[in-house]
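Undergrad: Sequence:
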Amino acid sequence: MLDSKLRFFLQRCVVLEQAKQVHAQLVVNRYNHLEPILVHQTLHFTKEFSRNIVTYVKRILKGFNGHDSFSWGCLVRFLSQHRKFKETVDVYIDMHNSGIPPSSHAVTSVLRACGKMENMVDGKPIHAQALKNGLCGCVYVQTGLVGLYSRLGYIELAKKAFDDIAEKNTVSWNSLLHGYLESGELDEARRVFDKIPEKDAVSWNLIISSYAKKGDMGNACSLFSAMPLKSPASWNILIGGYVNCREMKLARTYFDAMPQKNGVSWITMISGYTKLGDVQSAEELFRLMSKKDKLVYDAMIACYTQNGKPKDALKLFAQMLERNSYVQPDEITLSSVVSANSQLGNTSFGTWVESYITEHGIKIDDLLSTSLIDLYMKGGDFAKAFKMFSNLNKKDTVSYSAMIMGCGINGMATEANSLFTAMIEKKIPPNVVTFTGLLSAYSHSGLVQEGYKCFNSMKDHNLEPSADHYGIMVDMLGRAGRLEEAYELIKSMPMQPNAGVWGALLLASGLHNNVEFGEIACSHCVKLETDPTGYLSHLAMIYSSVGRWDDARTVRDSIKEKKLCKTLGCSWVEGSYH
DNA sequence: GTAGGGTTAG
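Just so you know, we're using UniProt numbering here: the first sequence kicks off at 1 and counts up by one.
Quick caveat, the hints were computed from the structure, so don't treat them as lab data. Hints are supplied without guarantee of correctness; some may be wrong.
Calculated pairs, DSBU-like style, for lysine-lysine (alpha carbon to alpha carbon, straight line, at most 30 Å) [said to hold, decoys possible]:
1. Lys214 <-> Lys159
2. Lys160 <-> Lys86
3. Lys394 <-> Lys275
4. Lys249 <-> Lys292
5. Lys214 <-> Lys275
6. Lys261 <-> Lys275
7. Lys309 <-> Lys395
8. Lys427 <-> Lys213
9. Lys394 <-> Lys459
10. Lys159 <-> Lys213
11. Lys124 <-> Lys394
12. Lys116 <-> Lys214
13. Lys291 <-> Lys213
14. Lys315 <-> Lys292
15. Lys20 <-> Lys58
16. Lys116 <-> Lys132
17. Lys124 <-> Lys159
18. Lys20 <-> Lys84
19. Lys124 <-> Lys86
20. Lys292 <-> Lys275
21. Lys84 <-> Lys363
22. Lys213 <-> Lys395
23. Lys363 <-> Lys20
24. Lys116 <-> Lys86
25. Lys363 <-> Lys292
26. Lys363 <-> Lys311
27. Lys294 <-> Lys315
28. Lys294 <-> Lys309
29. Lys309 <-> Lys291
30. Lys394 <-> Lys294
31. Lys453 <-> Lys394
32. Lys62 <-> Lys20
33. Lys124 <-> Lys168
34. Lys214 <-> Lys195
35. Lys86 <-> Lys20
36. Lys384 <-> Lys427
37. Lys275 <-> Lys249
38. Lys199 <-> Lys160
39. Lys309 <-> Lys249
Please build the complete structure, drawing on both the sequences and the hints.
TA: As C-alpha cells, then:
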C-alpha cells in the first residue's frame with residue numbers, strides 16, 4: 001500500500017528538494033528498494049544540469065542501496081546526456097571499481113562519452129568488459145561501439161562492429177555513415193546512405209552537414225530539397241553552411257523561410273553577422289528573439305567584444321544578470337566579458353572575476369585563462385599571467401600570442417623573444433597577431449636589427465605582413481631617426497598605406513624635427529582621414545620647432561578656416577600611434 | 001547518430 005503511494009509521489013519528483021523529502025521518507029520507512037526509482041525519476045526529469053543532483057545521487061549510490069546496476073547506469077547516462085564526458089567516464093570507472101556489473105545503458109552512454117572525448121584509452125577496455133558481461137548482443141551497445149570507432153577514425157573496427165549487429169536499426173546505419181564521413185570517404189558514405197533502408201532525418205542531416213562543412217553548398221542544397229521531412233536541424237545545417245561561406249544573404253533567406261526556428265537558428269545567424277562585423281543585423285535579430293536563453297546572450301556579448309564594442313558587451317552582460325537571475329554565466333560568458341574589460345583597460349576587473357569564479361564554482365578552462373592572461377599582462381601583473389600561462393592544459397597560437405602581445409605592450413623584448421622561440425620549438429604556428437606583439441616588443445625596446453629580422457621572417461611562416469605590421473616597423477625606424485629608410489619601406493608596401501602608417505612617420509618627423517618627411521606624411525594623413533586637425537597641428541608644431549613660424553601660422557590658420565576644433569588634434573597627438 | 005555560444009591586435 002505504502003509502496004504504491006510512494007511510487008506515485010516519486011513520479012512527481014521534478015525538483016531536487018522534493019526528491020530529497022521523499023527520499024527521507026523512504027529511508028525512515030525502510031523502503032530502500034525504491035531508491036533506484038527515485039534516482040531514475042530525479043535524473044530523468046532534470047532539464048538543466050545541476051551539480052547538486054549529481055552529488056546527491058552519488059551519495060545514494062555510496063549508501064545502503066549502492067549495489068544497484070540500474071541506478072549507476074542512470075547516473076552515467078545523465079552525465080553523458082549533459083555533455084559531462086569526463087565525469088561520465090569517471091563515474092563509470094568508479095562503478096566498475098565498486099564491483100557493480102555495467103548495464104547496457106551505462107555502457108552505451110560511456111561509449112558515447114569516450115567518442116566525444118576521442119578517448120580510445122578507456123574505450124577499448126570498456127568494449128572488452130562489455131563482451132565479458134555479455135552485453136555485446138544488445139543493439140544499443142553494438143551501435144555505441146560503431147559510434148565510438150567511427151568517431152575515432154577506426155573505420156574498419158566500426159564496420160566490423162556494424163556487421164556483427166544482427167538486427168540493425170537506423171541509428172546503427174547512421175553511426176556507420178558518420179564513420180565514413182568522419183574519415184573523409186565521401187563516396188563510400190554516399191553508398192552507405194543509399195543503402196539505409198529507413199532513412200530518418202539524422203541520416204539526411206549527416207550527409208547534408210558534411211557537404212555544408214566542405215563548403216559544397218550546391219550538393220548540400222539539392223539534398224536538402226530532396227529531403228522528405230526536414231527537421232529543424234536540417235534547416236540549421238543549411239543556414240550554418242551559408243554562414244560559413246559568408247553568404248549571409250542566402251543564410252537569411254533560409255532563416256526567414258524556416259517554419260519553426262529554434263535557438264540554434266538564431267544563434268547561427270547572429271554569429272554569422274558577428275564574423276562579418278555586421279553588429280547592426282546581429283542586434284536586430286537579438287531584439288526580435290522572444291525567449292532569449294543564456295546561449296544567445298553569450299553570442300550577442302561575444303558579438304560586441306569581437307567587434308570592438310566592449311561597453312555594449314558589458315551593458316548586455318549586466319542585463320543578462322538582471323533579467324535572468326536563474327541563469328548563471330559560465331566560463332564561456334566570462335571569457336567574452338573579461339575580453340571586454342581588457343579592451344577598456346579595466347585591469348582591476350581580474351579581482352572581481354576571480355572572486356566570482358570561486359564563489360560560483362566556475363571552472364577556468366584554457367579559453368577563459370587566455371583572456372585572463374591578456375588582462376593580467378595589460379595590467380602589469382606578470383607573475384599571475386605567467387603562472388596562469390604555465391598552468392594551461394594546451395598552449396596554442398592564441399595563448400602564446402596573448403603573452404607575446406603583453407610583452408610587446410610592456411616593452412619586454414627578451415621575454416617576448418623567448419616565448420616566440422618556445423612556440424616555434426613546440427611547432428605551434430605563429431600568426432599575424434603573434435608578429436604584431438613581437439614587432440612591437442622590439443620597437444618599444446629600440447631593437448631595430450631584431451625588428452627587421454623578425455619582420456622579414458614572417459614569410460618563412462607563410463604570413464604576409466599587414467599594414468599594421470608596416471606601421472610598427474615605420475614607427476620603430478622613425479624613432480631611431482631612420483626616416484629615409486622608413487619612407488622607403490612605406491613606398492615598398494604592396495598595399496595602400498593607411499593613416500596609421502603615415503601617422504607613424506609624421507610622429508617620427510616631429511620627434512626629429514624633420515620638415516621634409518613631416519610634410520609628406522601629413523599630406524597623406526589628411527587625405528586618408530575625415531578629421532585632419534590632429535595631423536595638421538602636428539605639422540605646425542614641426543614648422544615651429546625649426547623656426548618656420550610663417551608656415552606654422554599658415555597651417556594653423558587653415559585649421560581655423562575649416563572651423564575645426566583644435567582640442568581634437570591635441571588628443572590625437574597624445575594618443576598617437578605607438 | 002545531426003544543428004548553436006568563447007580566448008590574442010587594430
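Undergrad: Run the structure past the numbered hints and jot down the numbers of the failing ones, going up.
TA: Violated: none.
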